[in-house]
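There are 4 protein chains.
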Amino acid sequence: MKLIPERKQRLGDQLYGQILEQIVDGRLREGDRLPSESQICAAFQVSRPTVREALMRLHADGLVTTRQGSGSYVQKRPSGHLTRLTRISDVAGLLRCTEVRMALEERSALLAAERRTQPQMDVIARALDVLRASFQRKEGQTDADYAFHRAVAAASGNTVFVEVLDHLNDTIQQAMAVAHGITRDGSEERARRVMEEHEVVADAILRRDAEGAGLAMRYHLYRSRQRITDRQRDL
Amino acid sequence: MKLIPERKQRLGDQLYGQILEQIVDGRLREGDRLPSESQICAAFQVSRPTVREALMRLHADGLVTTRQGSGSYVQKRPSGHLTRLTRISDVAGLLRCTEVRMALEERSALLAAERRTQPQMDVIARALDVLRASFQRKEGQTDADYAFHRAVAAASGNTVFVEVLDHLNDTIQQAMAVAHGITRDGSEERARRVMEEHEVVADAILRRDAEGAGLAMRYHLYRSRQRITDRQRDL
Amino acid sequence: MKLIPERKQRLGDQLYGQILEQIVDGRLREGDRLPSESQICAAFQVSRPTVREALMRLHADGLVTTRQGSGSYVQKRPSGHLTRLTRISDVAGLLRCTEVRMALEERSALLAAERRTQPQMDVIARALDVLRASFQRKEGQTDADYAFHRAVAAASGNTVFVEVLDHLNDTIQQAMAVAHGITRDGSEERARRVMEEHEVVADAILRRDAEGAGLAMRYHLYRSRQRITDRQRDL
Amino acid sequence: MKLIPERKQRLGDQLYGQILEQIVDGRLREGDRLPSESQICAAFQVSRPTVREALMRLHADGLVTTRQGSGSYVQKRPSGHLTRLTRISDVAGLLRCTEVRMALEERSALLAAERRTQPQMDVIARALDVLRASFQRKEGQTDADYAFHRAVAAASGNTVFVEVLDHLNDTIQQAMAVAHGITRDGSEERARRVMEEHEVVADAILRRDAEGAGLAMRYHLYRSRQRITDRQRDL
Chain C
1 MKLIPERKQR LGDQLYGQIL EQIVDGRLRE GDRLPSESQI CAAFQVSRPT
51 VREALMRLHA DGLVTTRQGS GSYVQKRPSG HLTRLTRISD VAGLLRCTEV
101 RMALEERSAL LAAERRTQPQ MDVIARALDV LRASFQRKEG QTDADYAFHR
151 AVAAASGNTV FVEVLDHLND TIQQAMAVAH GITRDGSEER ARRVMEEHEV
201 VADAILRRDA EGAGLAMRYH LYRSRQRITD RQRDL
Chain Z
1 MKLIPERKQR LGDQLYGQIL EQIVDGRLRE GDRLPSESQI CAAFQVSRPT
51 VREALMRLHA DGLVTTRQGS GSYVQKRPSG HLTRLTRISD VAGLLRCTEV
101 RMALEERSAL LAAERRTQPQ MDVIARALDV LRASFQRKEG QTDADYAFHR
151 AVAAASGNTV FVEVLDHLND TIQQAMAVAH GITRDGSEER ARRVMEEHEV
201 VADAILRRDA EGAGLAMRYH LYRSRQRITD RQRDL
Chain D
1 MKLIPERKQR LGDQLYGQIL EQIVDGRLRE GDRLPSESQI CAAFQVSRPT
51 VREALMRLHA DGLVTTRQGS GSYVQKRPSG HLTRLTRISD VAGLLRCTEV
101 RMALEERSAL LAAERRTQPQ MDVIARALDV LRASFQRKEG QTDADYAFHR
151 AVAAASGNTV FVEVLDHLND TIQQAMAVAH GITRDGSEER ARRVMEEHEV
201 VADAILRRDA EGAGLAMRYH LYRSRQRITD RQRDL
Chain H
1 MKLIPERKQR LGDQLYGQIL EQIVDGRLRE GDRLPSESQI CAAFQVSRPT
51 VREALMRLHA DGLVTTRQGS GSYVQKRPSG HLTRLTRISD VAGLLRCTEV
101 RMALEERSAL LAAERRTQPQ MDVIARALDV LRASFQRKEG QTDADYAFHR
151 AVAAASGNTV FVEVLDHLND TIQQAMAVAH GITRDGSEER ARRVMEEHEV
201 VADAILRRDA EGAGLAMRYH LYRSRQRITD RQRDL
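Residue numbers (the working numbering), protein chains in the order written: chain C, 1 to 235; chain Z, 1 to 235; chain D, 1 to 235; chain H, 1 to 235.
Worth flagging that the hints you see were computed from the coordinates, not collected in a lab.
A pair holds if it fits inside one copy or across any two, identical chains being indistinguishable in the list.
With a straight-line Cα cutoff of 20 Å, these simulated EDC-like cross-link-like pairs (lysine to aspartate or glutamate) come out:
(1) Lys76 / Asp203
(2) Lys76 / Glu196
(3) Lys76 / Glu199
(4) Lys76 / Glu21
(5) Lys138 / Glu196
(6) Lys138 / Glu188
(7) Lys138 / Glu197
Chain C on its own, in the form it takes in the complex (with noise of 0.2 Å):
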């Protein structure tokens, strides 16, 4: 069992994704221990820094939790839903865009709710219509999702913020593919919940509640960031 290196940056991303596929698929179970930090150097032939950045990330996104003084242990297993919609290697860079997302949008929705102008409000208010709407279809909520999140930033009233959204385009699209894959599969009310978290990012913005539209956006992209990872489906 040996990583092929591509890029130096990308070996962390790589060693996470295959410990995340074997807690997937059930090779390791919740409350397994990991192998230890040198067993992993030697079984995937990686360095000691590579495996200390892929547990990080393991322990961030929950999926593995640390005892002090007796090692890591699986904590849960993510959707199965998740392996059938992207291929676990593309999951660490969906969950690395949503870290940059949570810092970029909680201040477009803050800076929204300062400037935004009367036809911006109504841009918002139409894209959350929409994607009420493709949630009680049951399709086409990826492209009302990113078109919501992306009327936000343009009420920033400074571009920069949607021009980086457009540049990272792409893997926020697919991320929301996943998401929104997972909660189709859910309950009426994961559904229900998602919706709910973007009116209450459009209401801030709405009542030029600054802090309130920056809150609600970043609680909003912490919460869809558990979705992707967790299994439990109706989170």
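Following the hints, put chains Z, D and H in place on chain C, whose structure we already have.
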């Protein structure tokens, strides 16, 4: 006096730039009252939302202040150096870019403190040394500054932060060039302060103080932004 | 119509309370324009800063909105339940207290995720069970809610957080009683949502996700605050 | 060597204090390795969670650092002045109090920028003048410092912030006295820096820059905290 519409989005910037120019060259002086919204609409033949957007930015930059019920007043005059170092029409772009950087880099600094490897820390430390030397030689600060911020982004372990930074590269370097141009003409005290802000960031990353690193980076960019628009060179 | 000055600080609150009362009892309706600042000054015989303070709070609570150049308008009517459950004159106090809690408890939740011991986590988990049971029984929610928040503060490992919470105990419990009174009359959906917000906080503390815990706590208190002032019971 | 248990909560503090004392008086030196958790448990006859709590605080204060797989090491020695100015056993209390202040005062500064009246701004400005004069006279800084922070809290328009500050009054003033004692012995540069941090806060409140005011206050308290525990007087 009419603004030539390029793209709709840019009208507010142009208006911002024109008013800023009048403040910088002294046609509008500290304490002067700006024309009313309607007067500005008429003078520049732009819509009311465009005027409001421009005023809101001038306000956010601390250049004008609002006295409830009696309009907007010039609060302070930015450095005369500013106009020597960049076309006024670009200043709005520089400030927009800094706004996005505050969101992105607060987070990359925070994550760098959590995840940086020893080699990544070494790169940051070396970038700090190069920056210190450039301040002493009074040349090369812009390259050294960018290298420092890129090293921090790389240490976040998330390549998307580096990718976005590189995407914004030109504008960031231009903003840094302007800021360092002003600093170079300024007091020793000012150069020491800029250097120290970078040291506080690096020190927090070294100590794995995630919250401190994010806070110090955010504060550094906040002060940088003020140094660009502020008339007082010793800020 | 004249306000009886108690202590200077409280005048703004009294005025806030009187305007709020008129909104609640329907004398001022959604979309109605408020009298101008000068008219309010004259009607209540208070100074302009007092009027502005009261308006700013009504604005912050999302009860009135400002249309530039044309004054303040009633945006929404808080729950009629609110007036049954507390004297209007106390609402300002409840909201003030929540404002302080948002600052304090975001931090205590964040620190709890970093520092909690296993016994402290057990206390939080038990408090959550008691809260869930109280929602099912539809009684005892206030005590259970306070016990949960106190358990989180204790898990921060910093006794000062607990001390300050206990110092504010009376007001906090009163605010909780009002909120739960409204929830009790509300839909099943609403009770489920309140319960879920607490679960997200506890789950993040369990996973030692410091940032998530702070975010989830802040979001919970933000939504609680909205539930107090909002007319829509199902918020 | 055994700790006398007062209240359970305080055991971690006592242990923290004892280890800190050994670092200050030089029994433990920079680069020295601390005994293992088990050895500390045995030496002080305390439980493992108590040891971990103490280590985590020393770590948070940047006094010790952890090298994965090989234990904890002394990172830096706090100022010798610290021990002259306060009993070591109180330092933990001072730091705990600062932790709560960071949460509270970031918010009160932010709200002050949004809501302050002109008279409240005047009180802040005068407090700043008194603080500046006290630095020049090298006496009275503690009272002046507290007056400044109280004036900011009052300008938040929320009396609960003032109430909580006054409730913590004794501990805050003691922490300030220690910090100013160290500053007084330090360089001119250091006093200038402390003064400047206060000015940045006041300036943001003056310009109604809410986000800047919160950020500047948080940064000021973060740096104050570092100044208490750091050996380098010129921080």
